[in-house]
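Student: Sequence:
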Amino acid sequence: MQFKTTTLGGLMLLCLSLTSHADILPEAEVGVKIPLTKKPTTRPMTVAYLPGNQHYYIADGGLAPMGSEFEAPISKSEVHAFTATGQYVNSARPGFDNRSLYYNANSNKLETITYNISSAVGFMPNTGIYSLEVNDNGEILSSSGDVAQFNPAFGDAGTMPSYDPASNQYYAKQEHGNLVFVVDPKQREKLKEIKLDFAAAHVAHDDISDHFIAFTGVTGNELALLDVDHKAVLIFDLTGHYVGKSALPATMKLRSQNHFNGLGYTNGMMFVYHENEGEFGTYYGFKVVK
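Reading the sequence shown from the start, the letters are residues -22 to -1, 1 to 268 in mature numbering (1 follows the signal peptide of the UniProt record, and there is no 0).
These aren't lab readings, by the way, just hints derived from the structure by calculation.
Where hints are given, some of them may not hold.
To be verified - Straight-line alpha carbon distances no greater than 27 Å define the calculated DSS-like cross-link-like pairs of lysine-lysine that follow:
| hint | residue 1 | residue 2 |
| --- | --- | --- |
| 1 | Lys265 | Lys209 |
| 2 | Lys87 | Lys54 |
| 3 | Lys265 | Lys11 |
| 4 | Lys87 | Lys268 |
| 5 | Lys164 | Lys209 |
| 6 | Lys268 | Lys231 |
| 7 | Lys54 | Lys17 |
| 8 | Lys164 | Lys11 |
| 9 | Lys87 | Lys173 |
| 10 | Lys87 | Lys164 |
| 11 | Lys87 | Lys16 |
| 12 | Lys11 | Lys209 |
| 13 | Lys87 | Lys265 |
| 14 | Lys170 | Lys11 |
| 15 | Lys173 | Lys209 |
| 16 | Lys231 | Lys170 |
| 17 | Lys209 | Lys17 |
| 18 | Lys16 | Lys265 |
| 19 | Lys173 | Lys17 |
| 20 | Lys209 | Lys168 |
| 21 | Lys209 | Lys231 |
| 22 | Lys231 | Lys17 |
None of the values given here were measured: they were computed from a predicted structure.
Sequences and hints are given; from them, build the entire structure.
Tutor: Here you go:
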């Protein structure tokens, strides 16, 4: 009887393991392609999708110029709007050095996290989290609203945090390593650290994207990380346990900026900037987990 119980328990664990791995697509599937129709004002950073108007938004990122008597110290970075099929709509300049762009289901707003979210020193004004306005036609506007000011809990200045609307928490990848900070925007210290198991994934920190990790919302496969050198998306759970990977097309030529920007996760897809395609590059939306 003990043998049967033990065997049954083992089979149940095996089934759970197989189910978890089955949620990961061995080869990533292209869901959408968004070719950029104008040169990015600074660096192409990240992508968000608004389900209400079914539009995508791509944010550029770059530091503001030094202020002078002729010009305010406001970033020239723009945000660009596209339809659900990747057709260009318009661009606007809200004035932020964008790092993360995402849809907040709690506020029903498009929100941006700026460079140096963790510190106000030397980068005020326009450092923190802000909401961006869109009109009824899906066009991005230059107007914005305050959400939260700088917070040291986010850690690295260049981090591109991902947002979980269910818990109202952020996952902030730290550079040059395997640490992800879990942040509650109402607290000034991180809630905890997640240590990603790079050894199990057979990667080193300089193989993968340095500042961005995606929150997928898929139980057991919550965190997705781009392996630039091996052209794959690595999947981890919320304990940092390596679950599996989804291979990107071998024909893609990823470049150094994919270590630092040109990434996002929205509408159930991992977005990767492919600089070599089109006049100004193309964003690919890949389905990597079910």
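Student: Each hint needs a verdict: does it hold in this structure or not?
Tutor: Hints and how they fare:
1. Lys265 x Lys209: 14 Å, holds
2. Lys87 x Lys54: Within the cut-off at roughly 22 Å; holds.
3. Lys265 x Lys11: Holds, at roughly 12 Å.
4. Lys87 x Lys268: Cα-Cα ~25 Å, so holds.
5. Lys164 x Lys209: Violated: Lys164 and Lys209 sit about 36 Å apart, past 27 Å.
6. Lys268 x Lys231: Answer holds: Lys268 to Lys231 is near 25 Å, not above 27 Å.
7. Lys54 x Lys17: Within the cut-off at roughly 13 Å; holds.
8. Lys164 x Lys11: 36 Å, violated
9. Lys87 x Lys173: It is violated: about 31 Å lies between the C-alpha atoms, which goes past 27 Å.
10. Lys87 x Lys164: 18 Å, holds
11. Lys87 x Lys16: 25 Å, holds
12. Lys11 x Lys209: Measuring from Cα to Cα gives roughly 17 Å; hence the hint holds.
13. Lys87 x Lys265: Distance ~24 Å between Lys87 and Lys265 Cα, so the pair holds.
14. Lys170 x Lys11: Violated - the C-alpha atoms of Lys11 and Lys170 are around 36 Å apart, more than 27 Å.
15. Lys173 x Lys209: Holds, at roughly 22 Å.
16. Lys231 x Lys170: Status violated; Cα separation ~35 Å.
17. Lys209 x Lys17: The given pair, whose Cα atoms are some 25 Å apart, holds under the 27 Å limit.
18. Lys16 x Lys265: 26 Å, holds
19. Lys173 x Lys17: 37 Å, violated
20. Lys209 x Lys168: At roughly 31 Å apart (the allowed maximum being 27 Å), Lys168 and Lys209 break the hint.
21. Lys209 x Lys231: 9 Å, holds
22. Lys231 x Lys17: 19 Å, holds
When each numbered hint is compared with the structure, violations occur for hints 5, 8, 9, 14, 16, 19 and 20.
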